[in-house]
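Q: Here is how the chains run, residue by residue.
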Amino acid sequence: MSLNAKELIEAMPINFDETQDTSQQSLDKLLSSLSKMPVPVSRLTRMWALGSMQAKVAIAYFAYWMRSGFVSGDDKQRLLNETHLKAAFKLLGGMSYLRGAIMKVGQVIASTPNVAPQEFVEVLGRLQFEAPSMHFSLLREFVHGELHHDPEELFDDFETTAFAAASLGQVHRATLKGLDEKVAIKIQYPNISRTIHEDFKNLKAATFPMRLTRDWDNIQAQFEEICDMLGQETDYEQEAENLRAARLLFTEDEGIIVPQVYPELSTKRILTMSYFDGLHLDEFLTTNPSQALRDEFGRKIVRSSFRIGFRGKMLYGDPHPGNYYFMPDGRLGLIDFGCCRHYNDAEMDYMDSVEQAYLTSREAVYEAIIRATDLTSTDASRQDHMRLGVEYADWVWEPVQQDGPFDFANQEYFTRGVAIFSELIKKRYTRSKPINTWLTRNVYGIRAILARLGACIDFGEIYREEARVTKPKK
Amino acid sequence: MRITAKAKIETRQRILVAARKLFSDKGFAGTTTRDIAVEASIATGTLFNYFPGKEQLALAIIDISLESAHSEFLTSQRENESLEEALFSHIAIMLRHLRPHRGYLGDVVETTLSPFNQSSDDDASANLRARHLETVQSLIEGHATPASPQPSAVIMHLYWTLFLGVLAYWAKDESPNQEDTLVLMDHALRLFVSSLDINLNTLEPNRSS
Ligand SMILES: Nc1ncnc2c1ncn2[C@@H]1O[C@H](COP(=O)(O)OP(=O)(O)O)[C@@H](O)[C@H]1O
Ligand SMILES: [Mg+2]
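So the sequences go chain by chain: B and C.
Residue 331 in my numbering sits at position 331 of the first sequence; the count goes up by one each step and never skips.
Residue 2 in my numbering sits at position 2 of the second sequence; the count goes up by one each step and never skips.
Don't read these hints as lab results, they were simulated from the structure.
Beta carbons are placed, not taken as given, at the ideal position from N, Cα and C, and that holds for glycine.
Some hints could be false.
What the hints assert, rightly or not - One-sided excerpt, in silico: chain B residues whose CB lies under 8 Å from chain C:
| hint | residue |
| --- | --- |
| 1 | His135 |
| 2 | Phe136 |
| 3 | Ser137 |
| 4 | Leu138 |
| 5 | Glu141 |
| 6 | Phe142 |
| 7 | Gly145 |
| 8 | Glu146 |
| 9 | Pro190 |
| 10 | Asn191 |
Claimed, not checked - To list a few chain C residues with every Cβ distance to chain B over 12 Å, as calculated:
| hint | residue |
| --- | --- |
| 11 | Glu10 |
| 12 | Thr75 |
| 13 | Leu128 |
Stated by the list, open to error - Label pairs and their calculated CB-CB ranges:
| hint | chain 1 | residue 1 | chain 2 | residue 2 | range |
| --- | --- | --- | --- | --- | --- |
| 14 | C | Lys172 | B | His197 | 17 to 25 Å |
| 15 | C | Pro176 | B | His280 | 30 to 38 Å |
| 16 | C | Arg78 | B | Gln260 | 28 to 36 Å |
| 17 | C | Ala144 | B | Ala419 | 55 to 63 Å |
| 18 | B | Pro263 | C | Val154 | 48 to 56 Å |
| 19 | B | Thr415 | C | Arg78 | 46 to 54 Å |
Just chain B, with the same shape it has in the complex:
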């Protein structure tokens, strides 16, 4: 099923009665006019990237998501909500950078509903913030401001043209001065991080007065969580810290590599790290890799994610194909630790308890799900919510519980997962612990990659090996 903004907007569950139609239409109009903003100059396109498919999808998701908060309330409250929501979208229209951020939100939410796996992987791979591109003259001044020297003085063979775009800037290749070490230098567009922080403040201020459903607090908590995460991504020192921590988690013979950071050549806005000369997933697949090789990479992907989680107590927040490198020598390269969630003790305990529940009994599983969703209400939807919650959890745990290899190439499995999630979203059973937003994203992201890779691997075995590192079986 292909997905575009129009279909998505149309598919949005409309919960208003007839009288609500006009404001509903005007909101749609506002949304579609946002996506049709004129683009004056070609270079500016990147700043006004609303015309792009990704942006449309992302904005529609955002609208969808915000709207999922509308359930009931009296007319006056509804009107007030509409007004605030409109104001928020207007504001959004004026924020060139935040549109990028919203796309990231789109990326998060896109890790879930209604999209066929293949497209899901492709669209996700392309989604990016779109910072304006920098020519070398601009970049040189920025680097000079940050590191007090010109790029040519700091590096050998600094390539003046970027080889890749980053969410907040671009990535250049160079060689360390007098050494043989190739590096990737990720450089932010000047002032973009300050702008994003400002934009978030404004957006929060605009959505804050909204009083939507009984679940609104929960939705807002999740929104805050996403804002925090995006805010974190603007700080490359934080990312450098995550990279350092992640690097320590792997030994040489495991064949999983994380770039080394060069702190004297890095700042909050510039990140210099070793360069990985490998293939992205799609490129790798065009080389017709053998099943054995696919499985080998699949195992490394799974191992890396569990290792980072259980021993590193971090959640690799951005498990999309662009962040994995398939090295010619068979090693797996992991990049992009900008979006890393650090578990607190309560969250580690929570995850332990879910695992324990699966080892114990169905009753325990039900209880775990009640805790996960903070399902304390006793209304009629509770039964159904529970049923779906269990279905979802079972789906997540299926590969762990299976004896022997699990075939991720089996499309049925992934499609079923997407269907469960779509239903959760459609029925607005979105109430959940904030950590679950990221866990879900991680689970779907990694399994989508495994599906695309066509890996058939003993998932449960890797899980048990990695989980055991932190918690010996009781």
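Following the hints, position chain C with the ligands against chain B.
A: For chain C with the ligands alone, kept in the frame of chain B given last:
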């Protein structure tokens, strides 16, 4: 007593050094011509033989920096630079050379370089403007296709206004490493370069002849 040309140059130099020091120590507004004369160990009257006032003195200092920026720019141009990029480095190099004067540059822009100050009878600022625009014009021509129209006077005026805007902004830019100025330059030059494609000749009054 005849003052030799050499002595004259030396005195001028002494005044400039003194002014430079005081402007950066006490600011432009906080410095009087008297202070400068004292610092340079000359009579205040003598100072006026060299410079009509404080503004012209500041301008002369800035002019020296811009002169060396200009020669650096000529040797630093890279191949395959886009026009936007070349114009950007032209300004960027100037800002690097003007850095020691950033504290009082705003005052100078306001008093002597302002577009509202075109009637000023001293030609130091006119010269500075002409020299700058000459470089810009030749950069534009260097990037022109045979079909491109000659940049009109209106276009050049637009450029100068943007440039002064950048200078004034930079002088007061409180952002880390003046990064906001870089963004302003990026935007201003995109705007300027894209306006070159529009045939502004039709806006020129003397074209109707
Ligand atoms: N260490 C590296 N080696 C090789 N390529 C890299 C490296 N780091 C980044 N890249 C390239 O730059 C792109 C963007 O980097 P990434 O860290 O994902 O940026 P962000 O998440 O901030 O947008 C990557 O998809 C990749 O193509
Ligand atoms: Mg990335």
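Q: Hint by hint, note whether the structure agrees.
A: Structure-based check of each hint:
Checking histidine 135 of chain B against chain C: minimum C-beta separation of about 4 Å stays under 8 Å; hint holds. Given hint, phenylalanine 136 of chain B at the interface with chain C, holds; its Cβ is 7 Å from that chain's nearest Cβ, closer than 8 Å. Annotation: interface hint on serine 137 of chain B holds; nearest CB of chain C at approximately 4 Å, less than 8 Å. For leucine 138 of chain B, the shortest C-beta to C-beta distance to chain C is roughly 6 Å, which falls under 8 Å, so the interface hint holds.
Nearest Cβ of chain C to the Cβ of glutamate 141 of chain B: about 5 Å, under the 8 Å cut. The hint holds. Among the interface hints, the one on phenylalanine 142 of chain B holds; its C-beta lies about 6 Å from the nearest C-beta in chain C, closer than the 8 Å criterion. Evaluation of the glycine 145 of chain B hint against chain C yields a held restraint, the C-beta minimum of about 3 Å falling below 8 Å. Hint status for glutamate 146 of chain B relative to chain C: holds, with the closest Cβ pair at about 7 Å, below 8 Å.
Evaluation of the proline 190 of chain B hint against chain C yields a held restraint, the C-beta minimum of about 4 Å falling below 8 Å. Interface restraint check for asparagine 191 of chain B: the shortest CB-CB distance to chain C comes to about 5 Å, inside 8 Å, so the restraint holds. Listed as outside the interface, glutamate 10 of chain C is consistent with that label: its C-beta sits roughly 35 Å from the nearest C-beta of chain B, beyond the 12 Å cut-off. Once the 12 Å rule is applied to beta carbons, threonine 75 of chain C is consistent with being away from chain B; the minimum gap is 14 Å.
With a minimum CB-CB distance of about 22 Å to chain B, leucine 128 of chain C clears the 12 Å threshold, and the non-interface call stands. Here the CB-CB span from lysine 172 of chain C to histidine 197 of chain B is close to 22 Å, well matched to the stated 17 to 25 Å. The hinted window of 30 to 38 Å between proline 176 of chain C and histidine 280 of chain B holds, with their beta carbons roughly 34 Å apart. At roughly 31 Å, the beta-carbon separation of arginine 78 of chain C and glutamine 260 of chain B lies within the given 28 to 36 Å, and the hint holds.
Between alanine 144 of chain C and alanine 419 of chain B the CB atoms are about 59 Å apart, so this pair conforms to the stated range of 55 to 63 Å. With their beta carbons about 50 Å apart, proline 263 of chain B and valine 154 of chain C fall inside the hinted range of 48 to 56 Å. Range check, threonine 415 of chain B to arginine 78 of chain C: Cβ separation about 53 Å, and the 46 to 54 Å hint holds.
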